[in-house]
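Protein chains: 4
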Amino acid sequence: MSEFEKAVTGLGEECGVFGAYDVDGHDVAASVYYGLFALQHRGQESCGIAVTDTYGKRNVLSKKGLGHVDDVFDEEGLSELKGNLGVGHVRYSTAGATRVENAMPLVINYVKGTLAIAHNGNLVNAIELREELSQTGAIFQTTIDSEVIAYLIARERLHTPTAEEAVKRAMQKIKGAYALVVSSPRKMIGARDPFGLKPLCIGKRDNTYFLASESCAIAAVDGEFVRDVLPGEIVTITRKHGIQSDTSMVIDSEKQARCIFEYIYFARTDSTIDGVGVYHSRILAGKALAESYPVDADLVVGVPDSGLVAAKGYSEQSGIPYGMAFHKNSYVGRTFIKPKQSERVSSVKIKLNVIPEVVKGKRIVMVDDSIVRGTTCANIIKMLKKAGAKEVHVRISSPPFLHPCFFGTDVPSNEQLIAHTHTQEEIRQLIGADSLGYMEIEKLKDMVGDLKYCDACFTGKYPMEVPKEDISQAFEQN
Amino acid sequence: MSEFEKAVTGLGEECGVFGAYDVDGHDVAASVYYGLFALQHRGQESCGIAVTDTYGKRNVLSKKGLGHVDDVFDEEGLSELKGNLGVGHVRYSTAGATRVENAMPLVINYVKGTLAIAHNGNLVNAIELREELSQTGAIFQTTIDSEVIAYLIARERLHTPTAEEAVKRAMQKIKGAYALVVSSPRKMIGARDPFGLKPLCIGKRDNTYFLASESCAIAAVDGEFVRDVLPGEIVTITRKHGIQSDTSMVIDSEKQARCIFEYIYFARTDSTIDGVGVYHSRILAGKALAESYPVDADLVVGVPDSGLVAAKGYSEQSGIPYGMAFHKNSYVGRTFIKPKQSERVSSVKIKLNVIPEVVKGKRIVMVDDSIVRGTTCANIIKMLKKAGAKEVHVRISSPPFLHPCFFGTDVPSNEQLIAHTHTQEEIRQLIGADSLGYMEIEKLKDMVGDLKYCDACFTGKYPMEVPKEDISQAFEQN
Amino acid sequence: MSEFEKAVTGLGEECGVFGAYDVDGHDVAASVYYGLFALQHRGQESCGIAVTDTYGKRNVLSKKGLGHVDDVFDEEGLSELKGNLGVGHVRYSTAGATRVENAMPLVINYVKGTLAIAHNGNLVNAIELREELSQTGAIFQTTIDSEVIAYLIARERLHTPTAEEAVKRAMQKIKGAYALVVSSPRKMIGARDPFGLKPLCIGKRDNTYFLASESCAIAAVDGEFVRDVLPGEIVTITRKHGIQSDTSMVIDSEKQARCIFEYIYFARTDSTIDGVGVYHSRILAGKALAESYPVDADLVVGVPDSGLVAAKGYSEQSGIPYGMAFHKNSYVGRTFIKPKQSERVSSVKIKLNVIPEVVKGKRIVMVDDSIVRGTTCANIIKMLKKAGAKEVHVRISSPPFLHPCFFGTDVPSNEQLIAHTHTQEEIRQLIGADSLGYMEIEKLKDMVGDLKYCDACFTGKYPMEVPKEDISQAFEQN
Amino acid sequence: MSEFEKAVTGLGEECGVFGAYDVDGHDVAASVYYGLFALQHRGQESCGIAVTDTYGKRNVLSKKGLGHVDDVFDEEGLSELKGNLGVGHVRYSTAGATRVENAMPLVINYVKGTLAIAHNGNLVNAIELREELSQTGAIFQTTIDSEVIAYLIARERLHTPTAEEAVKRAMQKIKGAYALVVSSPRKMIGARDPFGLKPLCIGKRDNTYFLASESCAIAAVDGEFVRDVLPGEIVTITRKHGIQSDTSMVIDSEKQARCIFEYIYFARTDSTIDGVGVYHSRILAGKALAESYPVDADLVVGVPDSGLVAAKGYSEQSGIPYGMAFHKNSYVGRTFIKPKQSERVSSVKIKLNVIPEVVKGKRIVMVDDSIVRGTTCANIIKMLKKAGAKEVHVRISSPPFLHPCFFGTDVPSNEQLIAHTHTQEEIRQLIGADSLGYMEIEKLKDMVGDLKYCDACFTGKYPMEVPKEDISQAFEQN
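Taken in order, these protein sequences are the chains called U, B, L and S.
Residue 432 in UniProt numbering is what sits at position 432 of the first sequence, and the numbering runs on without skipping anything.
Residue 4 in UniProt numbering is what sits at position 4 of the second sequence, and the numbering runs on without skipping anything.
Residue 420 in UniProt numbering is what sits at position 420 of the third sequence, and the numbering runs on without skipping anything.
Residue 55 in UniProt numbering is what sits at position 55 of the fourth sequence, and the numbering runs on without skipping anything.
Extracted from the complex, chain U is given alone in its bound form:
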C-alpha cells in the first residue's frame, strides 16, 4: 500500500501520545507541540495538549481540535498553555467518530484534583466495563476508551494511596492494547499493556523528562533516548525521585505480542522500538523478500515513501541496483481536490510521477508495504510500463491481511481487501504485474530478532481472547 492509497482505503494508524515534564518549572507546551508533530503520522484527525503548572494552582489548561497539529496550534494558543507538565495526543479514527468531543487528552476533575490522560490503543472489554460503571451511576460524554480508563482510575483512587497505584488497579481491569501517558497533578505516569502491543519510550533533556510513542519524537525535541517502557511496566516521574518503575504487571517475555505492523508500516523509519530499529527491520524485510522471491531484474525501486527502505533491503540482498523511479509531489495538501471533469487523470498520477529515464527499458522490482484494494498498485504499474519499463515485479513487505484487528489498527473490511476475494495469481493479473510476492508469515520474525510479536491480522492468532465481532462502533453516537 502506498501512502496515497491509505487515505482512500482507511488502513490507519491508531494514535500517538507524548508527555513532557520539566521538573524545574519551565513551560513545556512547545516541546509537546514538537513531539506531536513528529508523531503526526500516527494520527491526523484531531490532536490536543493539556498542561499543568506543578508549581502553581495545578489546574489543567487544555486545547484540542480537529486537524493536524499545525492547524490546531498557533503561537498564541501555545503561549496560553502555561505549565511544566504536559500531555499530548494525535488521533486517528474512522470517519464516523470524527468529532472534537473525542479528541484527547481527556481532562477530568476527580476527587484528588485534575488529571489528563492520553491513550493509544483499543480495549477489548470496554463494553463490559462501561456497563459496570453505568450500573453505579457513571455518565459518559465521549465514545473513547480513555473515559473508561479515567473512571477506573478515579474510582480506584478513592481507596489507594497514590495515583500510580490507582493506574495499576485500573490496568488490572482493562484488557487490550494501550500506551498511556497520564498527568496527575504533580506526576507524569506512563504505562504500557502487558503484551506490549503499543510502543512507549522515555527520553530526557536536562531536567525535562519525556514519554513518547516513538523515539523519533524524543529526537525532535532534542532529547536523549533513555529506554523503552517495558510491556506491562508503569513508570512514574516526579521531581523528587525522577523515574520510578513498577514492573509487577510485566509478564513472561515469551507471551509478549508487539504489533508487527509498527515495524512494517506505522512507525517512522528513524524510530527504534524495543531495541529494534525500524529502518533496520524494513531492510531485513526487503532482504527476506529477495530471498523468498528472487527475480532476474535490472533495478529495484520503492513506492514512496513507505516502500523505499524495504526496496533498499531487496537491493542489498539481491545485488540488483537500487534506483529512484518516482518523483513525489510534496505539495499535495489536505485540501487537494480531484475535479469532477477530470476522469481521465488518476489521483495517483497527481501525487506520483515516474522519472522516465530511470525506468526505460528496464526490468523493475517494485517494493511496497501492502496491497489493499489493488487499484493504486495497478495505476503505478501502468505508469511504469508507459514510461518504458519492460517488466514490473511486485514485492510486498507484509503478508496479506486476512483478519480484523481488535487492538486499534483500522484494517478495511473484508470486501474491500483484494486478498480476501482473489488468489495471489488473480491479484497479479489484476494489477498487471509480471510477478508478485508477499512477505512470508514465517519470515516476519526475521525483522525483529528475538522480540515476540502479534501477527493476528495475518494469521488470526490473537494474543488474548477477542470479541466475536467488530465492536469499534458500539458506542458511537455520531
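Calculated from the structure, these hints are not laboratory results.
The reader is advised that the hints may include incorrect statements.
[Said to hold, decoys possible] Quick list of in silico lysine to aspartate or glutamate cross-link-like pairs, EDC-like style, CA-CA up to 20 Å:
| id | chain 1 | residue 1 | chain 2 | residue 2 |
| --- | --- | --- | --- | --- |
| 1 | L | Lys340 | B | Glu76 |
| 2 | B | Lys328 | L | Asp305 |
| 3 | S | Lys360 | U | Asp222 |
| 4 | L | Lys385 | B | Glu224 |
| 5 | U | Lys382 | S | Asp222 |
| 6 | B | Lys386 | L | Glu224 |
| 7 | U | Lys328 | S | Asp222 |
| 8 | L | Lys340 | B | Asp74 |
| 9 | B | Lys112 | U | Glu132 |
| 10 | B | Lys338 | L | Asp71 |
| 11 | U | Lys112 | B | Glu131 |
| 12 | B | Lys338 | L | Asp222 |
| 13 | S | Lys382 | U | Asp206 |
| 14 | S | Lys338 | U | Asp70 |
| 15 | L | Lys382 | B | Asp206 |
Since chain U is already given, all that's left is putting chains B, L and S on it; use the hints.
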C-alpha cells in the same frame, strides 16, 4: 447601559434553552436552529444542538461550537442532525471559561441510554454537590453545572422508574436558578426552579411541542404559545400522553422570585413571561420614571435598542413627544475593530450617531436601561450636546446595581460599577447630564403586577441562602 | 421594501466613497476605515483603501477585498497602510460581477506617478469611451467605469499642467452619474457630476480634510461638516492652499437632477445632502402620504429600519399615535441560512417579529419605503393579523418603480416588479392589505424643498440621453 | 541548500506557466489545475487560471488568489471556469510584492477582444518600456512585466493582421527572460525568449494541446510530450491548423543561454528540458563532484529532497554505497510555527531527522545543491555527528553564488550569502564539515551535453546587457 457598553463591561445574559419534539417523527434541527436564533440575545459565546431519533436507534447526534448560531451551523451541519427530538442551547459566559468543552447541550450516555441536557442558570450548591459526587468516584470533564445535574439524574435513575422522577429527585438536591430542557431517549422534559428565577415556556405547532426560554422563540418557529412552565413544575412530553405536569415541587407563589432583570433588559420586547409582556413592563418602567422624575423638556429619546421602549413609556406618561435621535449602524459585526491609530474617535460613535435635526435646540430626556461604568453614557450625552441639544436629562429604567448575582447574571465587579464608587450627583456630573434619575426600587413592582420577583442585585435581599463569596470561578480550568 | 427584501430582490445601493488627507502627515487609514464603515449601507460586496504618504515616496499602498469593511480590514492590515492621504470605497454590484478585480479604489501608475480613484455612479457613454481608448492601444483589466475615467485622466494629464485640470477634461468627456475622490500624489481631488446625481460632501477635523458620499461619515470620524460639493464642481485639497474650487462645469441649478432615491431610501437618516436632512425629508414623505391617503386607524408603525421615519411623519400629520410593532433580530449575520427542512417558517419571521400586545385589536397603518415583489410585505401583514391586528393599511413612501435606472441604482428587472404586472388594487389584494397607498409622484418635491431631482425610475423622464437598453452587463467578463 | 533553507533565505523559483486548448470544445480548467499542481515547486505565492470558450462568447473567466493551487481552487471554483482554452500560472515573488493584484494570468480587454497572458521570467528593459508607454497615456495597475508585454501586444495589434504577429513585434521590443503562454480569443500562443533562459514545452492528449514550463506537467495531465519550444520560437495553436511555428526570431544556438539552475535545482527530477533529463543531469553533477572531490568514505547521502539525485550520482561514480540518512517529516505544512519558548530546538530538526543506525560510526559524504547562509547545513552536520557519524564531507552540486540574476531567479543579496564573505575553508569550518567541495564551474557543461547555458550567477558573464543595479523593486507599490 446601552448594548454597546455591555460588550465592554460584561454585564451579560446567562443562557437560552430550546427544545423541540415532533412526535410524528420529522426532523427538528431546523426548528431548534430558528429557536436558538431568536434566543441569541441570551448568549453569544457558544451554542449547540443535540437531536435524537425516537423512532430509530435513539442515539444522540450533536454539534456544538464557539460563536453565534449562524457561525456554528450551516446547511450541511443541520442536515446531518437527523432526529425528531432536539435540545438546543446558547451560552454566555465570562471570558475565562470560553471553551468549546463547556458548550451545551451536554450529551451523556448512562445506564438508561443517552440523554441531552440544556440548562440556563446557576446553582449555589454546585461545589458541595461536586465534592459529594467525587467522593463516590465521579469524574468531571467540564466546569458547567449541567454536568452536576446530569450526574444526579443518572444516579437517581438507577432506582427510579422514570426519567422525570429522576429529574425531580435531582431537583430536590440542587439549589439555585435553573430552567432545564432534557431529552431522555423518548421524552422531552422541562423544569424550572421553584423560585422561577429563570423563565421557560411551552409552545406547539401541529404535532411538534416546543420548550423555550422566551415566547419569542415559539413565535420564530411559527408555533402557538401554550403556557409558561410554572416555577417548580416539571413537564414531561411524550408521544402518547402529550404534556404531563408534576407540580409537587411548586412553592407558595408569595415566595417565588423571578429575575426582574429579565423584564428590564434581558428578555426580548416581543416576549411574554409569566403572563406579563416585556414590552408592556418596559412601557410601565418608563411611566414610573416619568412620575418619579418629571422634567420640563421637548423630546424623549431612547438609547438603541434597549432604551427605546422605556423612552416610549416616559413619553406617554409625560406627554413630551417621543423622538428618534440616533442612527444605529447595523453593520457592526463580530470582527469590528478599533484601530490603534484612532484615539480621537470613540467606539460608540462608530455604532451610534445623532440625527442633528432631531435634537438641535431641544431639551432632551434620554432613557437607557442601566449605567455600568458611565463612559458610554457620557459619550452619548456629549454627542447630543455637540449636535445642538440644549439639555440632556438622563433617566435609567433600573435602580443602581449594588450587589452580586449568584443566579447567573454576570454583574461586573464592584470596582467597575460607577454606582459603587460615586454618589448619584457625582455620576450626573461625570456623565455631563443636566439631571439624572434612576428607577426607584419600590416602583419595580409596577412593572410586573402581582408577580413576585428577585431584586437582590439592587437590594441584597436574596430569595435563598447564598455563598459568602463569588464562586463563579471555582471550577474553572482555563 | 423592507431591508430584508432587498437582499433577495437586488434593489441595491450603488457605492460609497471616502477620502481623508491629513496635511500634517499623520496616518489616515483608520479614519478611512471609520468613514467607510459609516457608508457600509451603500455597498456590501467589496471595499478597499488606498493610501499615499505625501511626505515620503508617494507610492500608493492599497488593500481591497470582497466583503464588509470589518471582514476585509483588521488591525494589522490597517497598520500596514502607512500614509496621510487616503481614498476608500465600498461597492455594491450585481452578482455577476462580484470579483475582487473590480474592487476599488483603482490604483494606477501613469506618467505623473501614482493615482488612486474611487467612484460612485454609472457612466452612460462608457462603451463608446472604451472603444475610442482601445483604438489607441488601451488595455482594460476591469469592467468598472473608473478604469475609463482613469485612462482619460492619464491621457489628458500628458498635456495639462495639473491633475485637477486633467480631471476636468476627463469630466468633459464622460456622461452619467459620478462622485469621484482621487488622490494624485500630493492632492486630494473631489468631483461631482453636473446633474448632482450622486452626493459628495466635505468635512474637516483639525488639519485633516475629508470627502464623503454622505455627511454621516464625516460625523463618524468626529469631523465638522464643511459643505456639500456642488453638482459639477471640482474641489482640490492641498497642504498649501486648503480647499480650492473649480466651478466651471457647474450648470444651471434648474437643470440639476439629484437622485430622489437617496432621500427615500439610500442615504442614512442622520445624513444631510445638499442642505436637506434625510430624516426630515422622510418625515415629510410620511406627512405627504398621510395627506394623500388618510385613514381611520389606531396606530402607525414603520417596517424596520427603512420605514420607521416615514411612519413617524405619517403619525405626526395624521395625529394617529406612533407605535413600535416589531422586534428586529439584530443577530442576523452574513452567514444566516434558511435550512431546507424548514419550509414552514418564512425568512422574514426570523428577522422580524411582531410584539403582540402592541398591535392586538388595533387598526394599523404600516409604512414602508417600497414594494418590490410583494412577498415580504404580504408576510409581514400576515404576521400582524395573526397577532391580532384588526386592519392593516399599507402606505409606501415612494411611487411604484416603472423604469430602469442608468445611473447606478440597481432596480430589478420588470418581471420581478409587482407594480409592472399588477394594478394597485391587485397588489393590495395580493399582499392582503385593507388599503394601499403609494407616494404620489408630484409630492416627491415636498421632500426636498427647492432642490431639483431625478425621478426617472418612476416617470421615465431622464435628465440626459440614455442608452436604448440596459448596458450594465456589457463589459462583464464573469 | 536544502529546501528548508530556501523558505528562509529567499532563493526562489520564478514562476510556472501552463496552457491547455481542447479544440473539440471540452472544458480544460481541471487540466490546467493539474498542470499547475505539477508546477507548484516553481511558485507558491499566488496562482491563477483564465479560461475562454472558443465556441461561445469568447470572454475570459478567471480566478486568481494568494496561496497554493489547492488553496485557491476548489471544485466549485473550477466548475465555474467554463472554457476550452485555458491559461494558468503559479507565481513566486519576494515578500514585498505579495499581493493578489500581481497574480497572473493577466486578463485584458483590448481592441480585438480579450486576452490572457501568463509569463515566467524578468525583462531587463521593463522600466524603459513602461516610461515610453506612459508617455503615450498608458496606465499601469500592477508591477508585473506581463502588463508591459500586454500593452505592447495591444498596441502592435492595432496594425498587425494576427495576434501572433503582434506577439512577435512585442518580442522585438522586450529584452530579458521569458516564457509566455497567451490565449487570444481563439488561439493559444506560446513563446520563449531567444536565449532560451526559461523553458517551455508542448504536449498533446487526443485533441487537447498543452504548453508547459516543464514536461512533468504534461505527464501530470496524461499527455504525450511533443517537443520543446525552441528558444526564440513562437508557436500558435488553432483548431484548424494545429501547431504552427514561427522561428524568425530564433538565434544561433551557440548564443543560446539556458538557465543552468533549472538543471541544478529548479526543475523537477522527472522533467526533461531541451532534450536533457533533469534527473540525468543531476546524476552527472554528482559524478562530476566525485571526480573533483573524491574522499575515502563509507556512505553517500543526499539532503532531502534536492540533494538526493546528485548523491546517487556521487555514489555511482565513487563506488561508495548510497544510503538514506534522513527521515523527512511530510506533515510540515504552511502554517507550521516555531514557538517562541523553544529556542533549544532548531527548525530543521522538526523537518528532518537522522536515522541513527544508518550513519553511526560511518564516514559520510553529504550532498546538497547549494549553501546560502550556511546555518541549515551546519545544523544538519551537527545532527549527523550527534547520531554517531565519524566524518561528514560536504559536496555541493553548484558553484558558489557570486553575482545577481536579472532574469528572474531570486538570489539573496550579497551580505546574506556566506560565499561572499568567507573563503571556502572558512565556510568548511563554520559549518563543521570535515571537507567541502563545490561543483567546479567548468564542469557545469558536463551536466547538459551540448546545450548552451547561462551561468552568470556564478561567473558574472551575462548573455545580454544588464542593468547596473538591481531593478526588481523599481515599480513596487507595496
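Against the structure shown, which of the earlier numbered hints fail to hold, in ascending order?
-> The structure breaks none of the hints.
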